[in-house]
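Number of protein chains: 2
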Amino acid sequence: MLCTIEILTIGNELLTGKTVNTNATWLAKRATSLGGLVARVTTVRDNLTAIGTAIREILKRKPVILLISGGLGPTFDDMTLQALGNTTKRPLSVNKIALSMVKQKYRSLAHGRRLPLTKARRKMAILPKGAEALPNLVGTAPGVLLQMGKSTVICLPGVPSELRHIFETSVSGLVSSWSAGFGRNSKSVHISGVFESEMAPLIDRVMRRNPGVYIKSHPGSREGRTRSKIELEFSFESSEPLNAQKEIDCAIADMLQILPGREKIVK
Amino acid sequence: MLCTIEILTIGNELLTGKTVNTNATWLAKRATSLGGLVARVTTVRDNLTAIGTAIREILKRKPVILLISGGLGPTFDDMTLQALGNTTKRPLSVNKIALSMVKQKYRSLAHGRRLPLTKARRKMAILPKGAEALPNLVGTAPGVLLQMGKSTVICLPGVPSELRHIFETSVSGLVSSWSAGFGRNSKSVHISGVFESEMAPLIDRVMRRNPGVYIKSHPGSREGRTRSKIELEFSFESSEPLNAQKEIDCAIADMLQILPGREKIVK
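Protein chains in written order, with this note's numbering: chain A, 1 to 267; chain C, 1001 to 1267.
Since the hints were derived computationally from the structure, they do not count as laboratory data.
Fair warning: there could be bad hints in the mix.
[To be verified] In silico BS3-like links for lysine-lysine, alpha-carbon gap of 30 Å or less: (1) A:18 / C:1119; (2) C:1103 / C:1062; (3) C:1029 / A:29; (4) A:229 / C:1150; (5) C:1062 / A:62; (6) C:1187 / C:1029; (7) C:1018 / A:119; (8) C:1103 / A:229; (9) C:1029 / A:18; (10) A:103 / A:62; (11) A:29 / A:18; (12) A:103 / C:1229; (13) A:229 / A:29; (14) A:187 / A:150; (15) A:150 / A:29; (16) A:229 / C:1018; (17) A:246 / C:1018; (18) C:1229 / A:187; (19) A:60 / A:187; (20) C:1103 / C:1060; (21) C:1060 / A:18; (22) C:1229 / A:229; (23) C:1103 / C:1129; (24) C:1089 / A:62; (25) C:1103 / C:1119; (26) A:60 / C:1187; (27) C:1150 / C:1060; (28) A:62 / A:29; (29) C:1018 / A:29; (30) A:60 / A:29; (31) C:1246 / C:1029.
Could you build the full structure based on these sequences and the hints that come with them?
Below, the structure written as structure tokens:
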């Protein structure tokens, strides 16, 4: 099955340019390596309407998985679960399992201090009806999984270490089992001293002669620089990695043969 | 006027996690600093339908500016202008000014070599009807500006140096004149040894007492770490920077007063 994935990252800091969206990159990389196909990334502000609208639009496109990051914490502008509940019409209430996770976490953090279950802490256990809490062993806010028709919505905290931990323990298995061995294989060749515009017709030709192989050129610097380098990334999507490697190697050999003489290959 | 901005970044490499989307961060930061309000960032693959659909959806939300990055180059998967033309029903044809920019660029790059105007090079001058070419002094593909109703669509190359150059020379002036002095002012205070969940009610209180000031907490590490640090970012949006600074300083003073004793402020 093609495991289509969309990513929704939430946070004003991503839209003021204060923070680079490395969560989106990390999730996209891991999901792709597990065989998923990431179709779109969307980033919106900490705003109930903006988050709800984005979730509704994404669910209409019926991805197999919607990964959401950010907005699960204790402060007023952590509003992902409320937006998810509103937009899916699942009323919010305290989830017992989530609450026990939060309680246990603060007990373990107390070290003799008094850490009562304040409203802000309890908030992290208020989930949409039907949602499942995902254990967060390295932070306090549990992850959240909500099945919506054929789409699985997964909410992860915005703190990178917590996001990565919950993804690895509760999500990665789902992605690899749903993509059932399907995956993207790729290999890159680096070429110097050639213009991207000169490579364009060669890329067309090699792709025509090697069906299924996708060649993407990544100019390392602007066209025309004397020492300009271009990365040519050859990729093939298949459920048979060995065959994919063979297809890629054939296309690379084909490309190397038709490259005009003066280019230096720094493979 | 509130100069609302959406950013659309295009490229498979952003959705396989190969490349961190620093173009989105850079554009968001610059646009914010010039007084724009970035409402959403969308990232889609190099696919005609995906790009066209995303442009149509964004234009329906009527941002003042839509900044698009990527897909202006000479290769087959550079398809931003075709998608823009299709979705806005503006037929594509060679734009004379764009063509003269491309021609001139290759002349200047030739250094005695023969650099004919191949199909791949000519492609960079094929624009939707009514579009304007924006000079690209550091690369080959011109930027593109297309007015669609009240929204201005601006296409920039994905190579960061080219994107930044065209933004600074042809776009930054538009953003600052359309936002007419409106802008976001902010100041951060760093606090250590306190849980974010303890800060939540204090943030609520200070925001209630200082209307218009927005306080966003950025946990530097997961809740409960002994050496955990939290950044509190105080921001205020206004067309009067001096007044904004005053409001922010009042809110910070207010926060410092109600912080319980044990926190260390590492301003």
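Hint-by-hint comparison with the structure:
With a C-alpha separation of about 41 Å, the suggested pair residue 18 (chain A) and residue 1119 (chain C) falls outside the 30 Å cut-off, and the hint is violated. Using a Cα cut-off of 30 Å, the hinted pair residue 1103 (chain C) and residue 1062 (chain C) is violated, with the two alpha carbons roughly 35 Å apart. Among the hinted pairs, residue 1029 (chain C) with residue 29 (chain A) is consistent with the structure: their alpha-carbon atoms are about 24 Å apart, no more than 30 Å. The straight-line distance between the Cα atoms of residue 229 (chain A) and residue 1150 (chain C) is roughly 40 Å, outside the 30 Å bound, and the hint therefore fails.
For a cut-off of 30 Å, the pair hint linking residue 1062 (chain C) to residue 62 (chain A) stands: about 25 Å separates their Cα positions. Among the hinted pairs, residue 1187 (chain C) with residue 1029 (chain C) is consistent with the structure: their alpha-carbon atoms are about 15 Å apart, no more than 30 Å. Of the supplied pair hints, the one linking residue 1018 (chain C) and residue 119 (chain A) is violated, its CA atoms being roughly 41 Å apart against a limit of 30 Å. Taken as a hint, the residue 1103 (chain C) and residue 229 (chain A) pair is honoured in the structure, with Cα atoms around 22 Å apart against an allowance of 30 Å.
For a cut-off of 30 Å, the pair hint linking residue 1029 (chain C) to residue 18 (chain A) stands: about 7 Å separates their Cα positions. Pair hint residue 103 (chain A) plus residue 62 (chain A) does not hold up; C-alpha atoms about 35 Å apart against a cutoff of 30 Å. For the suggested pair residue 29 (chain A) and residue 18 (chain A), the alpha carbons sit about 22 Å apart, so the restraint of at most 30 Å is met. Distance hint between residue 103 (chain A) and residue 1229 (chain C) is fulfilled; the C-alpha atoms sit about 22 Å from each other, no more than 30 Å.
A threshold of 30 Å between alpha carbons decides the hint, and for residue 229 (chain A) with residue 29 (chain A) the separation of about 24 Å falls inside it, so the pair holds. As the CA atoms of residue 187 (chain A) and residue 150 (chain A) are separated by approximately 33 Å, the hinted pair breaks the 30 Å bound. Only pairs whose Cα atoms come within 30 Å are accepted, and residue 150 (chain A) paired with residue 29 (chain A) is accepted, the gap being roughly 23 Å. A hinted pair counts as satisfied when its Cα atoms are at most 30 Å apart, and residue 229 (chain A) with residue 1018 (chain C) qualifies at roughly 17 Å.
Under the criterion of a C-alpha separation no larger than 30 Å, the hint pairing residue 246 (chain A) with residue 1018 (chain C) is consistent with the structure, at around 22 Å. Of the supplied pair hints, the one linking residue 1229 (chain C) and residue 187 (chain A) is violated, its CA atoms being roughly 41 Å apart against a limit of 30 Å. A hinted pair counts as satisfied when its Cα atoms are at most 30 Å apart, and residue 60 (chain A) with residue 187 (chain A) does not qualify at roughly 34 Å. A threshold of 30 Å between alpha carbons decides the hint, and for residue 1103 (chain C) with residue 1060 (chain C) the separation of about 36 Å lies outside it, so the pair is violated.
In summary, the hint linking residue 1060 (chain C) to residue 18 (chain A) is supported, as the alpha carbons are separated by about 27 Å, within the 30 Å threshold. For the hint linking residue 1229 (chain C) to residue 229 (chain A), the alpha-carbon distance of about 42 Å lies beyond 30 Å, and the restraint is violated. At roughly 20 Å between alpha-carbon atoms, residue 1103 (chain C) and residue 1129 (chain C) fall within 30 Å of each other, so this suggested pair holds. In summary, the hint linking residue 1089 (chain C) to residue 62 (chain A) is supported, as the alpha carbons are separated by about 27 Å, within the 30 Å threshold.
Between residue 1103 (chain C) and residue 1119 (chain C), the direct Cα distance comes to roughly 12 Å. Compliance with the 30 Å bound is thereby established for this hinted pair. Distance check on the hinted pair: residue 60 (chain A) and residue 1187 (chain C) sit about 39 Å apart at the alpha-carbon level, beyond 30 Å; violated. The hinted pair formed by residue 1150 (chain C) and residue 1060 (chain C) meets the criterion: a straight-line CA distance of about 11 Å does not exceed 30 Å. Annotation: proposed proximity of residue 62 (chain A) to residue 29 (chain A) holds, straight-line Cα distance about 21 Å (limit 30 Å).
Note on residue 1018 (chain C) and residue 29 (chain A): the hinted pairing holds, with a Cα-Cα distance of about 7 Å set against a maximum of 30 Å. At most 30 Å may separate the alpha-carbon atoms for a hinted pair to count; residue 60 (chain A) and residue 29 (chain A) meet this at roughly 24 Å. Straight-line distance between C-alpha atoms of residue 1246 (chain C) and residue 1029 (chain C) comes to about 23 Å, which keeps the hinted pair within the 30 Å bound.
In terms of the numbered hints stated before, the structure departs from hints 1, 2, 4, 7, 10, 14, 18, 19, 20, 22, 26, listed from lowest to highest.
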